[in-house]
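> For the sequence shown, the positions run 67 to 176 when the numbering used here is used.
These aren't lab readings, by the way, just hints derived from the structure by calculation. All of these numbers come straight from a predicted model, not from anything done at the bench. Take the hints with a grain of salt, since some may be wrong.
Pairwise CB distance ranges (calculated) [unchecked claim]:
id	residue 1	residue 2	range
1	Tyr100	Ile166	47 to 53 Å
2	Thr169	Ile129	24 to 30 Å
3	Thr169	Ala114	31 to 37 Å
4	Lys124	Phe152	27 to 33 Å
5	Gly118	Leu71	19 to 25 Å
6	Ala93	Ala114	47 to 53 Å
Straight line, CA to CA, 27 Å or less: simulated DSS-like cross-link-like pairs of lysine-lysine [said to hold, decoys possible]:
id	residue 1	residue 2
7	Lys165	Lys104
8	Lys86	Lys124
9	Lys86	Lys73
10	Lys104	Lys149
11	Lys149	Lys86
12	Lys124	Lys112
13	Lys133	Lys149
14	Lys73	Lys133
15	Lys104	Lys115
16	Lys149	Lys115
17	Lys86	Lys104
18	Lys109	Lys73
19	Lys133	Lys115
20	Lys86	Lys133
21	Lys124	Lys73
22	Lys109	Lys124
23	Lys124	Lys149
24	Lys133	Lys165
25	Lys109	Lys165
26	Lys109	Lys133
27	Lys104	Lys73
28	Lys149	Lys165
29	Lys104	Lys124
30	Lys112	Lys165
Just so it is clear, CB atoms sit at the ideal spot from N, CA and C, and this is done for glycine as well.
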Amino acid sequence: MDPGLNKLSAALDALVLRQKITASNIANIDTEGYNKRKVEFEKHLKEAKLNGDSADVKPSIEITEEKVDLDTELIEMAETQMKVQFVTRMIRSQLELTKIGITGNPNSRL
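Just need the whole structure built from these sequences, with the hints factored in.
Okay, structure coming up:
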C-alpha cells in the first residue's frame, strides 16, 4: 500500500479511537472516581518526525487527573469529527490519484 495512504489510515484509526474515548468519557460523566481519558496521537507523531521515523506511530490512551466536563467533551467530539471528514477526503483524493495512475483516465470506473 502507498506510504501516504498508510499514514492517512493510521490517522483515521487514531481519530476513531479518540471519538470512542470521548464517547466513553461522556458516558461516565457521573461515575464516581472516573477521570477523563485522552488519546494522544499528534504528540507521538511530532516526536517521531523529530526522530526521523513517523512510519509506525500508534496512539496511546492516557488517564488524566481531570474530571469530565460535558462542554469540553462535546467540543472535542466536534473537532475530531471535522478532522475525520478532512482525513476521509484526503484518502478519497489519494485513491482517486491512484486510480488515475492505473487507468490513465480520471473518468474511468474501477
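> Take the hints in turn and mark each one as holding or not.
Going down the list of hints, with the structure as the test:
1. Tyr100 / Ile166: 47 to 53 Å: At roughly 49 Å between Cβ atoms, Ile166 and Tyr100 fall inside 47 to 53 Å, so the hint holds.
2. Thr169 / Ile129: 24 to 30 Å: violated (49 Å)
3. Thr169 / Ala114: 31 to 37 Å: Holds, since Thr169 and Ala114 (Cβ atoms, about 35 Å apart) stay within the stated range.
4. Lys124 / Phe152: 27 to 33 Å: Distance hint for Lys124, Phe152 is violated at roughly 21 Å.
5. Gly118 / Leu71: 19 to 25 Å: holds (21 Å)
6. Ala93 / Ala114: 47 to 53 Å: violated (31 Å)
7. Lys165 / Lys104: Violated: Lys165 and Lys104 sit about 37 Å apart, past 27 Å.
8. Lys86 / Lys124: Given that 27 Å is the threshold and the Cα spacing comes to 16 Å, the pair holds.
9. Lys86 / Lys73: Distance of about 20 Å is within 27 Å: holds.
10. Lys104 / Lys149: Measuring from Cα to Cα gives roughly 16 Å; hence the hint holds.
11. Lys149 / Lys86: holds (14 Å)
12. Lys124 / Lys112: holds (12 Å)
13. Lys133 / Lys149: Status holds; Cα separation ~25 Å.
14. Lys73 / Lys133: Given that 27 Å is the threshold and the Cα spacing comes to 32 Å, the pair is violated.
15. Lys104 / Lys115: holds (21 Å)
16. Lys149 / Lys115: holds (20 Å)
17. Lys86 / Lys104: holds (10 Å)
18. Lys109 / Lys73: Roughly 15 Å between the alpha carbons, so the hint for Lys109 and Lys73 holds.
19. Lys133 / Lys115: violated (32 Å)
20. Lys86 / Lys133: holds (17 Å)
21. Lys124 / Lys73: holds (11 Å)
22. Lys109 / Lys124: holds (10 Å)
23. Lys124 / Lys149: holds (17 Å)
24. Lys133 / Lys165: violated (47 Å)
25. Lys109 / Lys165: Outside the cut-off at roughly 33 Å; violated.
26. Lys109 / Lys133: Given that 27 Å is the threshold and the Cα spacing comes to 22 Å, the pair holds.
27. Lys104 / Lys73: Holds, at about 21 Å.
28. Lys149 / Lys165: holds (24 Å)
29. Lys104 / Lys124: holds (14 Å)
30. Lys112 / Lys165: violated (31 Å)
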